[in-house]
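Required output: the full structure, derived from the provided sequences and hints.
In order, the protein sequence lines correspond to chains A and B. If you want this note's numbering, it's the position in the first sequence, counting the first as 1, plus 1299. If you want this note's numbering, it's the position in the second sequence, counting the first as 1, plus 407.
Don't read these hints as lab results, they were simulated from the structure. One thing to keep in mind: the hints can contain errors.
Taking lysine to aspartate or glutamate and the DMTMM-like style, the derived pairs with C-alpha atoms no more than 25 Å apart in a straight line are [what the hints assert, rightly or not]:
#, chain 1, residue 1, chain 2, residue 2
1, A, K1550, B, E622
2, B, K625, A, E1590
3, A, K1540, A, D1489
4, A, K1347, B, D575
5, A, K1352, B, D575
6, A, K1403, B, E467
7, B, K457, A, E1636
8, A, K1493, A, E1456
9, B, K464, A, E1456
10, B, K464, A, D1629
11, B, K625, A, E1634
12, B, K444, B, D575
13, B, K471, A, E1456
14, B, K652, A, D1391
15, A, K1550, B, D621
16, B, K471, B, E461
17, B, K471, A, D1508
18, A, K1345, A, D1391
19, B, K652, B, D527
20, B, K625, A, D1629
21, A, K1493, A, E1543
22, B, K624, A, D1442
23, B, K624, A, E1636
24, B, K472, A, E1456
25, A, K1540, A, E1473
26, B, K506, A, E1636
27, B, K625, A, E1636
28, B, K441, B, E726
29, B, K587, A, D1645
30, A, K1403, A, D1489
31, B, K457, B, E467
32, B, K624, A, E1590
33, B, K472, B, D575
34, B, K506, B, E622
35, B, K471, B, D429
36, B, K624, A, E1634
37, B, K585, A, D1645
38, B, K506, A, D1645
39, B, K464, A, D1508
40, A, K1403, B, D575
In case you want the letters, here they are:
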Amino acid sequence: MFMRHFRGPPSGCDSCSILVFVQLAALGCLHLQEKELVREPSMYHKEKSIQIKSSASALYNNLSVLRIAPRSLTYFTVVHANVVNMVSASWDGLNFSHRQLQSKEGSIPASSSLIMQASWCVLPSRELLVLTSQKGIQMYESDGSIMVYWHALDTPETPTAQAVFARGITAVRENYICVGVSSGSILIFDVPSKGSNVMLSEVLEEHRDPITDMASECSGNLGYVADLVTADDSGLLCVWKSGEDFQLLNKIPGFDVCCSTVKLWKGTVAAGYGTGQIRIYEAVTGIVHAEVNAHARWIYSLDIAPFSGLLLSGAEDSLVRVWHLTVNPDTSSVEIEHLYSECVTDTQICGAKFCDMDGYAFAVTGYDLSEIIRYTQT
Amino acid sequence: MSSKTLPLLFINLGGEMLYILDQRLRAQNIPSDKAKKVMNDIITTMFNKKFLEELFKPQELYSKKALRTVFDRLAHASIMRLNQASMDKLYDLMTMAFKYQVLLCPRPKDLLLVSFNHMDAIRDFVRDAPSILNQVDETYRQLIEMYTSLSGGEFQLIRQTLLIFFQDMHIRVSIFLKDKVQNSNGRFVLPTSGPVPYGTQIPGLIRMFNCSGDEVKKVQFHNAGNYASALREGSFEMYGERVIKLGTNMYSVSRPVETHMSGTSKNSAQHTKVNTAPNPLAKEELNFLARLMGGLEVRKPANPDTGFRVNLFATDEEEEEALISRPDELSYEVINIQATKDQQTNAELTRIMGEFTEQGEPSPSSSSKGEDLLAMMDGL
Chain A
1300 MFMRHFRGPP
1310 SGCDSCSILV
1320 FVQLAALGCL
1330 HLQEKELVRE
1340 PSMYHKEKSI
1350 QIKSSASALY
1360 NNLSVLRIAP
1370 RSLTYFTVVH
1380 ANVVNMVSAS
1390 WDGLNFSHRQ
1400 LQSKEGSIPA
1410 SSSLIMQASW
1420 CVLPSRELLV
1430 LTSQKGIQMY
1440 ESDGSIMVYW
1450 HALDTPETPT
1460 AQAVFARGIT
1470 AVRENYICVG
1480 VSSGSILIFD
1490 VPSKGSNVML
1500 SEVLEEHRDP
1510 ITDMASECSG
1520 NLGYVADLVT
1530 ADDSGLLCVW
1540 KSGEDFQLLN
1550 KIPGFDVCCS
1560 TVKLWKGTVA
1570 AGYGTGQIRI
1580 YEAVTGIVHA
1590 EVNAHARWIY
1600 SLDIAPFSGL
1610 LLSGAEDSLV
1620 RVWHLTVNPD
1630 TSSVEIEHLY
1640 SECVTDTQIC
1650 GAKFCDMDGY
1660 AFAVTGYDLS
1670 EIIRYTQT
Chain B
408 MSSKTLPLLF
418 INLGGEMLYI
428 LDQRLRAQNI
438 PSDKAKKVMN
448 DIITTMFNKK
458 FLEELFKPQE
468 LYSKKALRTV
478 FDRLAHASIM
488 RLNQASMDKL
498 YDLMTMAFKY
508 QVLLCPRPKD
518 LLLVSFNHMD
528 AIRDFVRDAP
538 SILNQVDETY
548 RQLIEMYTSL
558 SGGEFQLIRQ
568 TLLIFFQDMH
578 IRVSIFLKDK
588 VQNSNGRFVL
598 PTSGPVPYGT
608 QIPGLIRMFN
618 CSGDEVKKVQ
628 FHNAGNYASA
638 LREGSFEMYG
648 ERVIKLGTNM
658 YSVSRPVETH
668 MSGTSKNSAQ
678 HTKVNTAPNP
688 LAKEELNFLA
698 RLMGGLEVRK
708 PANPDTGFRV
718 NLFATDEEEE
728 EALISRPDEL
738 SYEVINIQAT
748 KDQQTNAELT
758 RIMGEFTEQG
768 EPSPSSSSKG
778 EDLLAMMDGL
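Shown next, in the form of structure tokens:
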């Protein structure tokens, strides 16, 4: 059941689940209901937290992680209102260095402009840190030292009923960085392998509601036709193929429930909703593979560890949960099982990310918390 | 972020203020005719037509300083006076109570039900005064018009905007500590039990489907937590059962309200200054205040002798002590208009403020109108 990347439960621990099968015949279909009667083993344990300079704001996907193996470092970013807290942590746990990035309007600090999201975009040739705010989009070199590019949003003179902001960030394929806007537009930026000659190459107008999140295919396999999935406030998911002209492959309608966070892996979309549900879809066809009543409150963050298929979810209900996603493209079957839950007491989770491709470790942020909480596999 | 946040912020904070003042007026045995006058005057001022017009315009939230200035003005809209320390404490209680309600709201949309709970209580306070009742009813209509059609995502944006406003506030409130809804470190207790929000399922079930859409597997996973099914949805109409209890009056004469200043400095030292940048924002904030205050008509007391002072503390000595010992980082600095040199703004403010000067205010010694104005604002 466990893939080789897991350590599995420690030996001598009789932590196997006892499954009780209850057969229910209904409408000629046989349903198997399995119930876990024994709690799952302690798959993860808490490590020492990393302190950050200011607390995390309640924003979707409010944690980004960049692993820099050659330097044995991991970078983390957490948004606090108009500031991005960046901390670099050495793997030996001994060295931490902090940096804060301000929201800007062009090159001028704009303290009244709130930042909606900060995320690293990993391209084959370079890594850029992208900040989206009420005024526009800032792109930095990965250590936050130099701002490489600025894109201004069309902000009206006096505030309008519909808020204006950018939100939803992902890198796609070799050279694209995609960013969402509150109008529903998706901006496609063409990024050179070095230098600051970033250009806005296309604007996709398919969504009618504010973009919440977006994700690109993260399995590393170039064979999947869908490259990008974008999500909005109404729960609509759009699936795209990248290129000089991005092509819309599929629209998966929402059920009037906000989809706040989304991932794409092996042609499969994992989407987290305001009702606390996680849904797993086949990207190109929109077929629902699974529905999980995962959380009791709004889901704020999903992440996938591409090598192992572990799925991480964090929500306002104080819970972080780890699931296992199995995708078999040949039989077109997708399964999801629950592996682990952790309650971060009295905290509304706003960010949850794996720190490596296997899912060996993950990090969590919560509203009003000035620390990044970390967990590693036991 | 959301440009529709201010009306909800103002109405809910105003509602909490009225709960607290009502409790203090009764605890201090203020004669009921005077107490009623204070409540009616404040509510009339809060729901003044011009003021509401400004309030409901799409706009960003301004700083805590600017909002505090408005509430100072509101609290003094009648014959009641509050010393600095009492006003500080009143504002602490109001903000922590509403922060709690925003945080614990089951669904973002339930924020509107919390607002209706406050509105329902306000309507009850003025049930004997038909003219004020009209204003209150008009406000219900405006709330319904602006908010009932918003999506869950838009409500969450409003909620996120409010949570940024309340970020890093961890003032301990005695009544919350006693009820075990707040920890001794000032953070609120988030329950992992009780009914799930309306529209959410109890966590635990995984359903898997085949390509034809048939359910092929059902698994129940162990759910850390003890949830029950959702309650019925509350009413979003002018009258109705709101179901949610957040936003109802938790004070009574026998439950005193105290805040603890000690032990909060550790947390408050970390708060980043959002929107407290002095000069660059001063002009915009002044414009905002001028527009808002322009709609705030203040009643002139018929007889200056009818005024009285309300104390949020048990004794005068406690009140004095609280003023001296309040940590610096928790002081609410009222907007210092001297920071701006913009003549045009000052002239506009002068014109608006000229419409409502109070009788019995100590007249400043300076002769120019501008300085009179500054002195008056600084005295708030």
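Holds or violated: are the alpha carbons of B/K652 and B/D527 at most 25 Å from each other? Holds: B/K652 and B/D527 sit about 12 Å apart, inside 25 Å.
Hinted pair A/K1540 and A/D1489, Cα distance within 25 Å: With Cα atoms ~15 Å apart, A/K1540 and A/D1489 stay inside 25 Å; holds.
Pairwise hint evaluation, A/D1391 against A/K1345, where the allowed Cα distance is 25 Å at most: holds, 16 Å
B/K625 paired with A/E1636 [C-alpha distance capped at 25 Å]: Satisfied, since the Cα-Cα distance of roughly 11 Å is no more than 25 Å.
Satisfaction of hint between A/E1456 and B/K471, Cα-Cα up to 25 Å: holds, 23 Å
Given pair status - A/E1636, B/K506, alpha carbons within 25 Å: Distance of about 36 Å is beyond 25 Å: violated.
Assess, step by step, whether the Cα of B/K625 is no farther than 25 Å from the Cα of A/E1634, and give holds or violated. With a Cα-Cα distance of about 11 Å, the restraint between B/K625 and A/E1634 holds, given a limit of 25 Å.
Holds or violated: are the alpha carbons of B/K625 and A/E1590 at most 25 Å from each other? holds, 10 Å
Decide if the proposed pair is consistent with the structure: B/K464 and A/D1629, CA atoms, cutoff 25 Å inclusive. With a Cα-Cα distance of about 56 Å, the restraint between B/K464 and A/D1629 is violated, given a limit of 25 Å.
Does the structure keep B/K471 and B/E461 at a Cα separation of 25 Å or less? Holds - the C-alpha atoms of B/E461 and B/K471 are around 18 Å apart, at most 25 Å.
Hint check: B/K587 vs A/D1645, CA-CA at most 25 Å. Holds or violated? Answer holds: B/K587 to A/D1645 is near 12 Å, not above 25 Å.
Decide if the proposed pair is consistent with the structure: B/K625 and A/D1629, CA atoms, cutoff 25 Å inclusive. Holds: B/K625 and A/D1629 sit about 22 Å apart, inside 25 Å.
Going down the numbered hints, you'll see the structure goes against 7, 8, 10, 12, 14, 17, 22, 26 and 34, while the others check out.
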